[in-house]
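Letter by letter, the chains look like this.
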Amino acid sequence: MEKQTRREFLAQTAAAGTLALAAQSPLARQAWAADNAPEMTIARWTGPKDLTADQISRAAVKLTEQAVAGLGGLERFIGKGSVVWLKPNIGWDRTPETAADTNPDVVATLIRLCFEAGAKTVKVGDNPCDIAQRTYAASGIAEAAKKAGAEVLFLDRTRFRETAIGGDRIKSIPIHPAILECDLVLNVPVVKHHRLATATLCMKNYMGVIEKRNLFHQAIPECLVDITRFMKPQICVLDAVRILTDHGPKGGDLKDVAMPLALAAGTDIVALDAWGAEVLGLKVADVPSIGLGEAAGLGRSDYRSLALKEIAVS
Amino acid sequence: MSKARRGWLRVWTRRTVQLAFLLLFLGLLLAARPPAEGSPSPWLKAFFLIDPLILLATWLAAHAVPLAALWALATLAVTILLGRVFCGWVCPLGTLHAIAGGIGRRRKPDAARDRWSPWQRTKYYLLAGFLAMAVFGGHWVAVFDPLVLLYRTTTTALVPGVQWAIEEGAKKVYDADVGVGEYRAHQATEPVYTWLRDHVFYVQGQAFLGTGLILGLFVVTLALNRYRPRFWCRYLCPLGALLGVFSWRPLLRRTGRKEACNECGLCAAPCHGAAAETFGGQWKPAECLGCLNCTPACPKESLGWTVQLPWRREPALSRVGISRRGAIAAAAGGLAALAFFRATPQARGKKYNPALIRPPGARPEREFLQRCTGCGLCMKVCRTGGLQPTLIEAGLEGIWTPRLVPLIGPCDHTCNLCGQVCPTEAIRPLSVEEKQQTKIGLAAFDTTRCIPYAYGRPCIICEEQCPIPDKAIYAIDTEVKGRDGQVTTIALPHVDPDKCIGCGVCENVCPLNDRPGIRVMSANESRDPDNQPILPGGGGDYAW
Chain A
1 MEKQTRREFL AQTAAAGTLA LAAQSPLARQ AWAADNAPEM TIARWTGPKD
51 LTADQISRAA VKLTEQAVAG LGGLERFIGK GSVVWLKPNI GWDRTPETAA
101 DTNPDVVATL IRLCFEAGAK TVKVGDNPCD IAQRTYAASG IAEAAKKAGA
151 EVLFLDRTRF RETAIGGDRI KSIPIHPAIL ECDLVLNVPV VKHHRLATAT
201 LCMKNYMGVI EKRNLFHQAI PECLVDITRF MKPQICVLDA VRILTDHGPK
251 GGDLKDVAMP LALAAGTDIV ALDAWGAEVL GLKVADVPSI GLGEAAGLGR
301 SDYRSLALKE IAVS
Chain B
1 MSKARRGWLR VWTRRTVQLA FLLLFLGLLL AARPPAEGSP SPWLKAFFLI
51 DPLILLATWL AAHAVPLAAL WALATLAVTI LLGRVFCGWV CPLGTLHAIA
101 GGIGRRRKPD AARDRWSPWQ RTKYYLLAGF LAMAVFGGHW VAVFDPLVLL
151 YRTTTTALVP GVQWAIEEGA KKVYDADVGV GEYRAHQATE PVYTWLRDHV
201 FYVQGQAFLG TGLILGLFVV TLALNRYRPR FWCRYLCPLG ALLGVFSWRP
251 LLRRTGRKEA CNECGLCAAP CHGAAAETFG GQWKPAECLG CLNCTPACPK
301 ESLGWTVQLP WRREPALSRV GISRRGAIAA AAGGLAALAF FRATPQARGK
351 KYNPALIRPP GARPEREFLQ RCTGCGLCMK VCRTGGLQPT LIEAGLEGIW
401 TPRLVPLIGP CDHTCNLCGQ VCPTEAIRPL SVEEKQQTKI GLAAFDTTRC
451 IPYAYGRPCI ICEEQCPIPD KAIYAIDTEV KGRDGQVTTI ALPHVDPDKC
501 IGCGVCENVC PLNDRPGIRV MSANESRDPD NQPILPGGGG DYAW
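Read top to bottom, the protein sequences are chains A and B. Under our numbering, the first residue of the first sequence is numbered 1, with each subsequent residue one higher. Under our numbering, the first residue of the second sequence is numbered 1, with each subsequent residue one higher.
Since the hints were derived computationally from the structure, they do not count as laboratory data. Hints may contain errors.
Claimed, not checked - Within a straight-line C-alpha distance of at most 20 Å, the following computed DMTMM-like cross-link-like pairs (lysine to aspartate or glutamate) qualify:
{"hint": "1", "chain 1": "B", "residue 1": "171", "chain 2": "A", "residue 2": "253"}
{"hint": "2", "chain 1": "B", "residue 1": "172", "chain 2": "A", "residue 2": "162"}
{"hint": "3", "chain 1": "A", "residue 1": "146", "chain 2": "B", "residue 2": "37"}
{"hint": "4", "chain 1": "A", "residue 1": "146", "chain 2": "B", "residue 2": "198"}
{"hint": "5", "chain 1": "A", "residue 1": "255", "chain 2": "B", "residue 2": "433"}
{"hint": "6", "chain 1": "B", "residue 1": "171", "chain 2": "A", "residue 2": "256"}
{"hint": "7", "chain 1": "A", "residue 1": "283", "chain 2": "B", "residue 2": "477"}
{"hint": "8", "chain 1": "B", "residue 1": "499", "chain 2": "A", "residue 2": "181"}
{"hint": "9", "chain 1": "B", "residue 1": "499", "chain 2": "A", "residue 2": "162"}
Claimed, not checked - Computed footprint of chain A on chain B; a stretch qualifies when at least three of its residues, placed anywhere within it, have a C-beta under 8 Å from a C-beta of chain A:
{"hint": "10", "stretch": "416-426"}
{"hint": "11", "stretch": "470-477"}
Claimed, not checked - Cβ-Cβ distance ranges computed for the label pairs, FRET-style:
{"hint": "12", "chain 1": "A", "residue 1": "177", "chain 2": "B", "residue 2": "226", "range": "32 to 40 Å"}
{"hint": "13", "chain 1": "B", "residue 1": "494", "chain 2": "A", "residue 2": "95", "range": "24 to 32 Å"}
{"hint": "14", "chain 1": "B", "residue 1": "335", "chain 2": "A", "residue 2": "254", "range": "54 to 62 Å"}
{"hint": "15", "chain 1": "B", "residue 1": "494", "chain 2": "A", "residue 2": "253", "range": "17 to 25 Å"}
{"hint": "16", "chain 1": "A", "residue 1": "75", "chain 2": "B", "residue 2": "455", "range": "44 to 52 Å"}
{"hint": "17", "chain 1": "B", "residue 1": "354", "chain 2": "A", "residue 2": "304", "range": "54 to 62 Å"}
{"hint": "18", "chain 1": "B", "residue 1": "39", "chain 2": "A", "residue 2": "295", "range": "47 to 55 Å"}
{"hint": "19", "chain 1": "B", "residue 1": "364", "chain 2": "A", "residue 2": "232", "range": "31 to 39 Å"}
{"hint": "20", "chain 1": "A", "residue 1": "165", "chain 2": "B", "residue 2": "226", "range": "33 to 41 Å"}
{"hint": "21", "chain 1": "B", "residue 1": "59", "chain 2": "A", "residue 2": "163", "range": "55 to 63 Å"}
{"hint": "22", "chain 1": "A", "residue 1": "116", "chain 2": "B", "residue 2": "484", "range": "56 to 64 Å"}
Bear in mind the structure is a predicted one, so any value in this text is a computation, not a measurement. All residues carry an ideal CB built from backbone N, CA and C; glycine is no exception.
With these hints in hand, go ahead and build the complete structure from the sequences.
Right, dumping it as structure tokens:
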């Protein structure tokens with residue numbers, strides 16, 4: 001992690017104090033972030049590409065650490081004693097090498113960083129498509145998260161509460177209250193192909209906090225904008241250690257898995273999704289939710305125009 | 001210790017053993033839930049493996065039994081030595097009937113209630129008919145095996161009933177969000193609910209189709225205890241009849257001192273099996289459940305037990321008196337019933353019920369029915385709760401056997417539990433890899449229901465969730481004209497019959513929950529070469 005100088009610290013504190021007085025809204029927080037710190041970091045593995053499973057694990061850990069550090073550390077988002085909900089993609093009963101779920105090493109590393117940043121509790125959970133007990137175990141996330149000290153929770157489908165989200169297309173949808181009660185939702189999806197949505201990235205990962213999601217398919221981009229606007233993302237980490245290039249989002253065939261060994265973290269969800277689309281070899285225009293998200297003011301699709309930090313990791 | 005006290009000690013020992021077996025039965029039933037990893041314990045099917053009726057009927061019908069089913073020979077050995085102690089000491093359904101028959105039972109002797117009735121021969125004739133049926137391949141007797149009956153009823157009706165009460169109760173408390181000050185009522189209920197959810201139940205909101213008849217049969221047989229205690233065990237139970245046949249001259253026999261007996265009937269009043277033709281005499285070992293209630297009940301201490309070698313005629317044994325004519329008539333009746341079962345279009349011709357989707361590994365239908373008891377163990381252990389008891393889908397012969405109802409739950413792609421637990425291997429145990437290549441049916445789009453076809457809106461959740469790695473469902477971008485004449489492009493889904501294994505995930509996740517836009521039917525099932533109407537492409541290569 002990069003150390004702050006005293007001058008930087010004082011300047012930031014002053015700026016933050018002023019802004020905090022001006023407005024307490026998350027938008028203001030983002031504005032503050034835009035002025036003072038990187039909005040997005042991309043960590044890329046530049047070491048040898050021919051890695052064993054163990055080496056991939058270690059690379060995933062390093063990529064995560066560096067990307068988060070480049071963003072200014074999780075301290076930016078996590079107050080002392082706060083409760084964090086880590087929302088990986090644990091959608092499918094598949095093993096880590098098939099890239100159908102978020103990389104467990106990325107998840108474990110983020111949990112550690114959350115605790116180091118002062119989090120009191122880190123909870124990990126998703127509303128999977130396959131049977132939860134199976135997906136949690138097969139993805140390797142349950143074990144990795146427990147080892148890292150997080151609470152691994154099943155989102156009980158009968159405990160979702162109908163919640164007004166005031167979207168254009170979706171007025172209200174059942175959301176699990178445990179997620180909304182947390183101080184921060186840390187969105188950690190994996191880059192994957194998706195036939196209908198073209199790609200499943202950060203915005204689409206929010207479909208794991210709701211129920212009745214199969215309605216979304218009838219207007220995926222609009223619905224994703226609605227749920228993203230409601231979730232007010234502060235930070236997302238997009239895992240592209242392994243990605244699924246075809247037959248997503250469940251995949252299952254190793255020939256559909258590519259290994260870019262990259263990872264991005266940022267405050268701008270649209271920018272991250274734009275980068276994710278590129279990783280998949282797509283253009284921003286190919287993924288309708290990105291353009292629609294930008295039009296809705298959720299972020300900027302031209303991620304290179306942000307305060308961007310690119311980090312080579314080896 | 002006085003003779004009477006020793007007698008009561010024996011009775012209480014018997015009651016304790018009964019309760020222990022009942023609890024063991026229920027414990028094994030509750031333990032039959034998907035394990036976190038690995039194979040389910042072979043102990044889950046233990047009760048079915050010691051059941052000689054299942055062994056005999058399956059062997060007669062299918063001419064083959066799993067090796068482990070030979071444990072039932074041990075039960076027969078015990079029966080030959082001691083009589084029907086299985087009924088009196090072990091059988092959990094028998095224990096329930098003993099409890100139901102004991103409640104409110106008057107201590108005063110009643111000649112009609114307590115003495116042997118010739119109608120108790122009914123169960124032997126039923127058994128004769130059933131076994132004749134089994135010789136010709138009908139396995140129906142196992143459907144009425146007492147262990148099967150209790151397992152099925154508990155799995156499909158009793159446990160889901162309790163689960164409903166717990167789930168709905170906890171949900172009401174959770175939703176009401178009541179409490180005093182900081183304290184919320186659900187802080188007490190939620191941990192209990194969560195523990196039960198994670199350790200006792202598995203499928204949330206688990207429920208089964210057609211449980212009315214299953215529960216009805218159970219309740220009626222329980223209620224009949226008001227007419228005659230242990231009515232089921234005395235008059236109907238086919239397993240009891242089989243064990244009765246094997247206890248015609250047991251080593252353990254009841255003795256009576258005729259000179260001491262005044263025929264007061266106090267020994268008969270608590271008798272479970274109504275085993276004696278007269279008060280104090282004419283004891284029928286085939287009807288005695290070994291409950292041991294009679295000996296301490298005798299105020300004159302005239303009754304006792306003795307060990308006697310089979311060829312000894314003393315103490316005298318009374319016979320049930322099955323007539324050869326009656327047995328032949330019963331066998332003929334059984335064959336007539338089998339003919340009736342089989343004289344259906346489904347059983348005669350190559351016609352298939354589209355709703356009859358058997359679990360992966362299920363044998364061809366005829367062979368399957370020769371083995372399946374309808375115990376419900378596969379339904380209990382099914383990860384999604386999709387395995388449901390049939391009613392008429394497999395004909396009367398196949399009542400309460402398992403079928404997949406994808407709308408309720410699909411066949412989970414990485415699960416092979418049903419075949420692992422099946423006590424008779426009606427569902428063969430498959431490895432997960434084998435299971436993933438076993439077709440249980442074929443999905444078909446109903447273009448009048450499927451949202452993209454019928455209403456011109458994007459959807460293809462079926463394609464998204466299809467678990468086949470290179471997707472048995474694929475979508476083709478198609479130009480369609482809307483109401484206003486505008487042409488838009490929409491992804492229309494299709495099924496690849498070579499890749500589809502009929503797991504039903506697509507049907508389950510379709511947003512239409514009444515009549516999904518894609519449904520699985522039995523065509524293409526691997527187990528039946530006659531039900532494969534689609535010529536495989538790619539040179540018949542099923543591998544993917």
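Now the hints, each set against the structure:
1. For a cut-off of 20 Å, the pair hint linking residue 171(B) to residue 253(A) is broken: about 40 Å separates their Cα positions.
2. Only pairs whose Cα atoms come within 20 Å are accepted, and residue 172(B) paired with residue 162(A) is accepted, the gap being roughly 15 Å.
3. The suggested pairing of residue 146(A) with residue 37(B) holds, with an alpha-carbon distance near 17 Å, which does not exceed 20 Å.
4. About 17 Å separates the Cα atoms of residue 146(A) and residue 198(B), which keeps this hinted pair within 20 Å; it holds.
5. With a C-alpha separation of about 18 Å, the suggested pair residue 255(A) and residue 433(B) falls inside the 20 Å cut-off, and the hint holds.
6. Straight-line distance between C-alpha atoms of residue 171(B) and residue 256(A) comes to about 42 Å, which puts the hinted pair past the 20 Å bound.
7. Taking the CA atoms of residue 283(A) and residue 477(B), the gap is near 19 Å; set against the 20 Å cutoff, the hint holds.
8. Between the alpha carbons of residue 499(B) and residue 181(A) the distance comes to roughly 44 Å, so the proposed pair goes past 20 Å and is violated.
9. The hinted pair formed by residue 499(B) and residue 162(A) fails the criterion: a straight-line CA distance of about 38 Å is larger than 20 Å.
10. Residue count for the stretch 416-426 of chain B with a Cβ under 8 Å from a Cβ of chain A: 0. That is fewer than the three needed, and the coverage hint is violated.
11. Proximity of the stretch 470-477 of chain B to chain A, defined as three or more residues with a beta carbon under 8 Å from a beta carbon of that chain, is established by the 3 residues found.
12. The beta-carbon spacing between residue 177(A) and residue 226(B), approximately 50 Å, falls outside the hinted interval of 32 to 40 Å.
13. Our hint of 24 to 32 Å for residue 494(B) and residue 95(A) holds, since their Cβ atoms are close to 29 Å apart.
14. Distance hint check: the CB atoms of residue 335(B) and residue 254(A) are about 57 Å apart, consistent with the given range 54 to 62 Å.
15. Checked against the given bound of 17 to 25 Å, the beta carbons of residue 494(B) and residue 253(A), roughly 20 Å apart, stay inside it.
16. About 50 Å separates the C-beta atoms of residue 75(A) and residue 455(B), a value consistent with the hinted range of 44 to 52 Å.
17. Taken as a hint, the range 54 to 62 Å holds for the pair residue 354(B) and residue 304(A), whose Cβ atoms sit roughly 56 Å apart.
18. The supplied range of 47 to 55 Å is met by residue 39(B) and residue 295(A), whose beta-carbon atoms lie about 53 Å from each other.
19. A hinted range of 31 to 39 Å for the beta carbons of residue 364(B) and residue 232(A) is inconsistent with their spacing of about 58 Å.
20. At about 58 Å, the beta-carbon gap between residue 165(A) and residue 226(B) misses the expected band of 33 to 41 Å.
21. Separated by about 59 Å at the C-beta atoms, residue 59(B) and residue 163(A) satisfy the suggested range of 55 to 63 Å.
22. Between residue 116(A) and residue 484(B) the beta carbons are some 57 Å apart, a value that agrees with the proposed interval 56 to 64 Å.
Comparing the model with each earlier hint shows violations of hints 1, 6, 8, 9, 10, 12, 19 and 20; every other hint is respected.
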